[in-house]
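When we follow this note's numbering, the leftmost residue of the sequence shown carries the number 63, and every step to the right adds one.
What the hints contain is simulated information worked out from the structure, not anything from laboratory work. Warning: the hint list may mix true and false statements.
To be verified - Lysine to aspartate or glutamate pairs mimicking DMTMM-like chemistry, simulated, CA-CA at most 20 Å apart:
id, residue 1, residue 2
1, K150, D190
2, K201, E180
3, K166, E75
4, K166, E198
5, K97, D151
6, K149, E70
7, K149, E102
8, K166, E102
9, K150, E173
10, K97, E173
11, K166, E70
12, K97, E75
13, K166, D190
14, K201, D190
15, K149, E75
16, K201, E70
17, K201, E74
18, K166, E199
19, K166, E74
20, K97, E74
21, K175, E187
22, K201, D191
23, K97, E142
24, K149, E173
25, K175, D151
26, K175, E142
27, K150, D203
28, K201, E173
29, K175, D146
30, K97, E79
31, K149, E180
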Amino acid sequence: MVTSAQLERVAEELLAEFNITSPPIPIESILQHPKPGMWEELDMSQISGGFFQVTANYSPRMSMARLLVRQLARCPWGIERGLDAIKKDQTAQHVFARMLVMPKAMITQLEAKSQTPETISQHFEVPDDEARQRLEELKND
């Protein structure tokens with residue numbers, strides 16, 4: 063089993079691999095341009111429009127983040143970091159997707175008054191409910 067702390071470290075490592083230092087996290091670009099040892103390059107135009115859940119502002123970004131998580135869980139880079147343990151755990155995949163698009167370090171760098179679901183949603187370009195869940199997860203750590 064992979065712990066929340068381990069997933070946070072892997073998220074940080076992935077962002078460092080792609081030299082990402084500020085939000086919003088370019089999920090589509092990461093998917094399309096993997097580093098060596100990762101998944102095969104994805105052509106986003108080949109992905110069905112029905113794949114992207116559009117239930118709220120920015121919800122397609124969360125669909126892409128979950129796709130990224132599934133790619134990571136199956137690729138050599140992710141397997142080396144224990145991500146194959148979440149390959150069949152949808153809850154863990156959703157948690158890890160939130161970690162990727164709303165990295166802990168980037169949230170904690172914000173002023174306390176800016177750490178609200180609404181501000182996080184706008185800053186990281188994620189749905190309000192996902193921002194709310196991420197803040198709850200960070201509180202429980």
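Structure-based check of each hint:
no.	hint	in the structure
1	K150 <-> D190	violated (26 Å)
2	K201 <-> E180	holds (17 Å)
3	K166 <-> E75	holds (12 Å)
4	K166 <-> E198	holds (12 Å)
5	K97 <-> D151	violated (25 Å)
6	K149 <-> E70	holds (16 Å)
7	K149 <-> E102	holds (17 Å)
8	K166 <-> E102	violated (28 Å)
9	K150 <-> E173	violated (36 Å)
10	K97 <-> E173	violated (33 Å)
11	K166 <-> E70	holds (7 Å)
12	K97 <-> E75	holds (12 Å)
13	K166 <-> D190	holds (17 Å)
14	K201 <-> D190	holds (17 Å)
15	K149 <-> E75	holds (19 Å)
16	K201 <-> E70	holds (14 Å)
17	K201 <-> E74	holds (18 Å)
18	K166 <-> E199	holds (10 Å)
19	K166 <-> E74	holds (9 Å)
20	K97 <-> E74	holds (15 Å)
21	K175 <-> E187	holds (18 Å)
22	K201 <-> D191	holds (15 Å)
23	K97 <-> E142	holds (14 Å)
24	K149 <-> E173	violated (35 Å)
25	K175 <-> D151	violated (34 Å)
26	K175 <-> E142	violated (38 Å)
27	K150 <-> D203	violated (23 Å)
28	K201 <-> E173	holds (15 Å)
29	K175 <-> D146	violated (37 Å)
30	K97 <-> E79	holds (8 Å)
31	K149 <-> E180	violated (30 Å)
Consistency with the previously given hints fails for numbers 1, 5, 8, 9, 10, 24, 25, 26, 27, 29, 31, ordered from lowest to highest.
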